[in-house]
Amino acid sequence: MIRLLHNRTFHGFMFSAPLLALFGAFVIYPMAFGVYYALDRDSYRALFEDPIFLQTVWNTVWYVGLAVNLKLFLALLLSGILDYPYRWIRVLSALFLIPWAVPALPGILSFRWMLNSQWGIFNHLLTKFGLPSVPWLAQHDTALGAIITFHIWKYLPFWTIIFLAGRRAIPSELYEAAAIDGAQPLQNFRYVTFPLLRNLYLICTLLSMVFTLGDFTVPWLLAGGAPGDSTHVLATLAYRYTFHMGRLEWGMATFAVALPVTLFFIFLLLRWVKI
Amino acid sequence: MSASGHQRKRFLVQAGLSILAVLILAWTLFPVYYMVLLSLTPTNDLFRPGLYIDNPTLKSYIYTMGQDNPFVRYFWQQLGTSLIVAIWTMATVMVIASLGSFAMARIHFRFRRFVSGLTLFTYIIPASFLSIPFFKMMADYDLLDTKLALVLAMVTFASPYALWVLSDYARTLPPEIEEAGAIDGAGAITIFLYLYLPLILPPLIAIGTYAFLYAWNEYLYALLLLTGEHNIPIPVAMGNFLTTDNAPWNLLMAVSTVYAIPPVILYYCFKRYLVSGLVSGAVAGT
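Chains as they are written, first to last, in our numbering: chain A, 1 to 275; chain B, 1 to 286.
No lab work stands behind these hints: they were computed from the structure. Glycine included, each C-beta is placed from N, C-alpha and C at the ideal position. Be careful, since some hints might not be right.
What the hints assert, rightly or not - Listed below are several chain B residues computed to face chain A (Cβ distance under 8 Å; list not exhaustive):
#1 Leu25
#2 Ile132
#3 Trp249
Looking at chain A on its own, in the form it has when it is part of the complex (with noise of 0.2 Å):
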């Protein structure tokens, strides 16, 4: 560290100041400004009127509720598996990485072409079983849920290898002294492994379901609010208010309504993650 330099405040300002215009601009300002915007009352009162809105509210608590947990959930158990030192588990956990180094919109794209209720390979195969086909996209319930099992497609890798990561840091004296005292695997996890990973485990829901809460592209592009707007989140009303609609007040609002709940998400990772 540098305790030589005469005036670290100045110098560490100087070396920051970059970061601190651009945060200052770019994030700060807007908030400050999408507030103001958001003040209004009128805006909340239309908002609370219109039952896209509503629809949209319990939208946004299943898809983040759900997907968020069963995805977390799913890289808990496949952060195991992944573990196993054996040498072709190194090529599968590099073939699972695919969804997510492939950016989200093919993806998408992919999903949505399969899911087509009259071309689509899901539905082609149904009809060939003898199942009648359904409406994938067409309809509430199982459009939300495409849009819950892409989710989980595309990030399942990414917290997995957190995950991985999480218990390799366990120091491995720990399962040592678990099997000295004959331990199975399911008693090394329950009181070895989730013990020591449950912070972590804690740490990424929250982070998760903040980065969840705010998702644009994929509720858009597989649904696109359809059918009759009621598949929309947060964020795809948002749009939709303010570019299609011209109410900006009510695309601000929209946001405005998450926020409370975010903000003390994010006061309790500031607490808890180092930078």
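Using the hints, position chain B against chain A.
Below, chain B alone, put in the same frame as chain A:
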């Protein structure tokens, strides 16, 4: 337990894992396989779904490369826009994050906690929450439809993680670097340029790649800030395919495949650095 019992148990574990592995691979690879499959499908077979195709053709790729269809009229220009935005984002993030990491990791200054808090805040807050005010701001400054607007947004949202990874790495460097420089009478800028920068070069290249990919993959801000067929980057153009009823899906998938290749290569080269910040931050926090 006897030796054969051990072997039997090992065999059972391997067998169970293999079955799981097949399921995991099918789930992971099928959508990607299907994308490539569609891109090789002749237009006549597009509406006859199947798990394989009889007459694969490269026609979709040829049409795309030759801009030989109204949907891909501006393909190279759109690819160029994606590339220019990504390269500018990469360069700017590398400069800002290397300067910032020097302050964060090597200088004990008074408001360091404040700067790191602000950085982490920017990392966590969903970018979409700021998108509408950001759009309004760019409209007020008359910067809509310029690449600069998109680069500014991308630099803002890619910088925090870049700073995080770099500072993490820089903290592991020995303190003698600055002391050696200071004894020779070097100022902070000389130390930064000639002693610090060469040492952080490997992670700096990695976070440059991260910033490049962040901009390359972005959809929302590109959709908001750039309009017009000749002006938009590739992902927005792909999204616009969906607004028509008779989109040529084999062409769309050929564009998708071309668009996905650079990130796939870069992710595999740099995957260690693309998670290291989050891992160390979260594990250290526990």
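Hints and how they fare:
Interface hint status for Leu25 of chain B: upheld, as the beta-carbon distance to the closest one in chain A is roughly 6 Å, under 8 Å. Satisfaction of the interface hint for Ile132 of chain B is found here, the shortest Cβ-Cβ separation to chain A being roughly 5 Å, below the 8 Å cut-off. A hinted interface residue such as Trp249 of chain B counts as satisfied when its beta carbon comes closer than 8 Å to some beta carbon of chain A; here the least separation is about 6 Å, so the hint holds.
Against the hints set out earlier in the document, no violation occurs for any number.
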